[in-house]
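Novice: Single-letter residue listing:
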Amino acid sequence: MWTMIARRTLQALPVLLGISILTFILIYYLPADPARMYAGPSATVETVTRIRHELGLDQPLWVQYFSYMGRILHGDLGFSYRKQESVTQLILGRIPFTAALTLGGICVELAIGLPVGIVSAVGRGQWADRLGMFVALLGVSAPPFWLGLLLLYLLGYVVPIFPLGGAASPAALVLPALTAGLGGAAWYARMMRSSMLDILSADYVRTARAKGLRGWLVILRHALPNALNPIITMAGMDIPWFIGGVVLVERVFDWPGVGRLAVEAIETVDVPVILGTVIFTAVLVVLSTIVIDIVQAVVDPRIHYGR
Amino acid sequence: MAGPAPSVAGLTADQGGYLALVWRRLRRDRPAMLGVVLVSLIVLAAALAPLLSPHDPAEQFRDGLTLQGEPMPSTLLTGGGLRFPLGTDASGRDLLSRILYGARISLLVGVLANLMAVALGALVGSVAAFFGGWLEIVLMRLTDTMMAFPTLLLAMTLVAILKPSVWIIILVIGAVYWTWIARVVYGQVVAMRERDFITATQALGASRSYTLVRHVLPQLMPTIIVWGTLGIATNVMLEASLSYLGIGVQPPTPSWGGMIQQAQSFYRTAPWMVLFPGLAIMLTVFAFNLLGDGLRDALDPAQRGKL
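Top line first, the protein sequences correspond to chains A and B. All residue numbers for the first sequence refer to the working numbering, where the first residue is 1 and numbers rise by one. All residue numbers for the second sequence refer to the working numbering, where the first residue is 308 and numbers rise by one.
All clues given are correct.
Mimicking EDC-like on lysine to aspartate or glutamate, the simulated pairs with C-alpha atoms at most 20 Å apart in a straight line are:
1. B:470 to A:267
2. A:83 to A:264
3. A:83 to A:254
4. A:83 to A:267
5. B:470 to A:264
Keep in mind that the hints were calculated from the coordinates and are not lab data.
Starting from the given sequences, assemble the full structure and let the hints guide the process.
Specialist: Laid out in C-alpha cells, this is it:
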C-alpha cells in the first residue's frame with residue numbers, strides 16, 4: 001500500500017516539473033516588465049535598471065529559473081504590486097471560500113447525478129430513462145454562469161429566499177453550490193448510467209438474480225459497488241473542468257474565492273497573482289488525481305500501479 | 308470470400324459504402340436527427356444573419372430604450388409588434404439581431420479551434436503511441452502537464468497575456484483542448500500497435516511513417532469524427548465562458564458570452580438580456596452534443612444506447 005502511494009507520488013514529479021517550466025515560460029514571454037511595474041510609472045530609467053538588478057532579472061535564464069523554483073518550493077508565489085500583498089497570503093485567504101464551494105458543488109453533483117444515473121440504467125429505454133438523459137444532456141450543455149444568473153433571478157429576486165451574491169451568511173452558499181454542481185450532476189448521471197449498464201449485464205449480477213434476490217437488493221448490493229469504480233476515475237478527469245466552473249460561479253455570485261481572485265487579477269493585469277493562482281490550481285489538480293488513484297486502489301484491489 | 312456480406316444491426320454492408328451505412332444508422336436515431344436538424348438551423352442562422360436580422364446588430368435605437376432609459380422587453384408583449392421581437396439591451400440595440408450575429412462568432416471559434424485541436428491531438432497522440440521511445444515520453448508528459456492546468460484558467464491566462472482577439476481565442480482554445488484528444492488517440496493507437504495487421508505491414512517492409520498514415524490513421528477516423536463534433540460543443544462553451552469573463556471576443560462584436568456579461572448588472576430588471584443569449588449557447592452546445600453522441604453510436608454500434 002505505502003509503496004504504491006510512494007510510487008504514484010513519484011510519477012507525479014515530472015508533471016510538477018513540467019508545470020514549473022511552463023509557467024516560467026509564461027512569465028518570461030509576458031509583455032509586462034516586472035521591474036517597471038515594481039518601480040511605478042514615474043520612475044527613471046536608472047531606478048528601473050537598479051530594481052531589475054535587485055530582482056535578479058538581468059541574470060541568465062537558467063539562474064532565474066532556479067531561483068524561481070527555489071521560491072516556489074518555499075511556498076513563495078511572488079508579490080502583488082497592485083494589492084501590495086504576498087500572493088501566497090492572498091490565495092490562503094481565499095481558500096476557505098473555494099473549499100466550501102467545491103465541497104457543496106460535489107455534494108450536489110453526487111446527490112443528483114448518481115441516483116438519476118442508476119434509475120436510468122435500471123429502467124433502460126423507458127420514459128424515465130429517456131427524460132432523465134434528455135435533461136442530463138441539456139444540463140451538460142447549459143453554461144454555468146447563465147444557470148447561476150437564472151437561479152439568482154428566480155430564487156434570489158422573484159422569490160427572495162437566498163441572498164443576491166456575496167458570502168455573508170451560510171445561506172449564501174446554496175445557490176453557488178447548486179450552480180457549480182448542476183452541470184457536473186448531469187455529467188455524472190450519464191457516466192453512472194453507462195457504468196451501471198456495463199455491470200448489469202455481467203454474469204455475477206445474473207447469478208444474484210437467479211438465486212432469487214430481489215431486484216433492488218441486487219442493484220444496491222452487487223451492481224452499485226462495482227459500477228462506482230469507473231466513476232471514481234471519471235471524478236479525476238472532472239477536476240480540471242470543475243475548477244473552471246468554480247471560476248465562473250465565483251464571478252457570477254461575487255463569491256470571494258481563488259477563482260474570483262484570478263479573474264480580478266486578469267482584469268487588473270496583476271501578473272504575479274494570475275500565475276500564482278494558475279500554479280496553485282495546477283498543483284492542486286495533480287495532488288487530487290494522486291488522492292483519487294489511491295482511493296481507487298483501496299476500493300478496487302485489482303489495481304496495482306507500476307506492476 | 309463468397310457468401311453474403313456480414314450484416315450489422317440488420318443492415319448489410321454492401322448497400323452503398325461505409326458512410327452510407329453510418330448515415331442509415333444515424334437516420335434511425337431520433338435524438339441524433341434532432342441534433343442534425345438543430346445544427347443545420349444554427350449554421351443557416353449564422354450564414355444568413357444579415358438577411359434574417361431585423362436590424363443592424365450595432366445600431367442603438369432611440370425607441371429601443373424606455374422613457375427612463377431602461378432596456379425594453381419584447382415588443383410582442385408590449386404591443387409594439389415585431390419591432391424588437393426579443394427585446395433590447397442596455398444600449399437600445401436589438402437582441403435578436405445580436406444573437407443571430409453572435410452565432411457567427413460562436414461557430415467560427417468553435418469549429419476552427421476544434422479543427423486545430425483535433426489535428427494537433429491526433430498527431431501528438433498517434434506519433435507518441437506509434438513511434439514510442441523518447442518521443443512517447445516527451446509528448447505524453449507534455450500532455451499530462453497541460454492537462455493538470457484547469458482548462459478555463461489556462462485559457463484565461465493565455466488570452467490575457469496575448470491580448471484578446473477572435474484569432475487569438477481560436478489559437479488559445481485549440482492549444483488548451485488538443486490534450487484531451489491526444490489522450491484518447493494515444494490509448495487507441497497503443498491498443499493497435501501490437502495487432503497483426505501492423506506487424507504484417509512492418510514485415511512487408513513498409514516504413515513506420517507509411518504504416519502510420521496508411522494503416523493507423525484510417526482506423527482513427529471514427530474517433531476523429533466523434534471528437535470533431537463533441538469538441539465543437541466544448542469549444543463553443545469555452546469561448547462563451549471567456550467572453551463572459553470579459554477576456555473573450557471584445558465589444559462591439561456581438562458574442563453570446565459577452566452579451567451575458569453586459570446583462571449581468573441588469574438581470575433583475577431585464578432578465579431577457581440574460582435569458583436569450585444563454586438559450587442560444589445551450590441550444591448550440593446541446594445540438595453538437597446530440598450529433599456527436601449519435602455519431603458515436605452510428606460509428607461504433609457496440610456502444611449503442613449506453614451513453
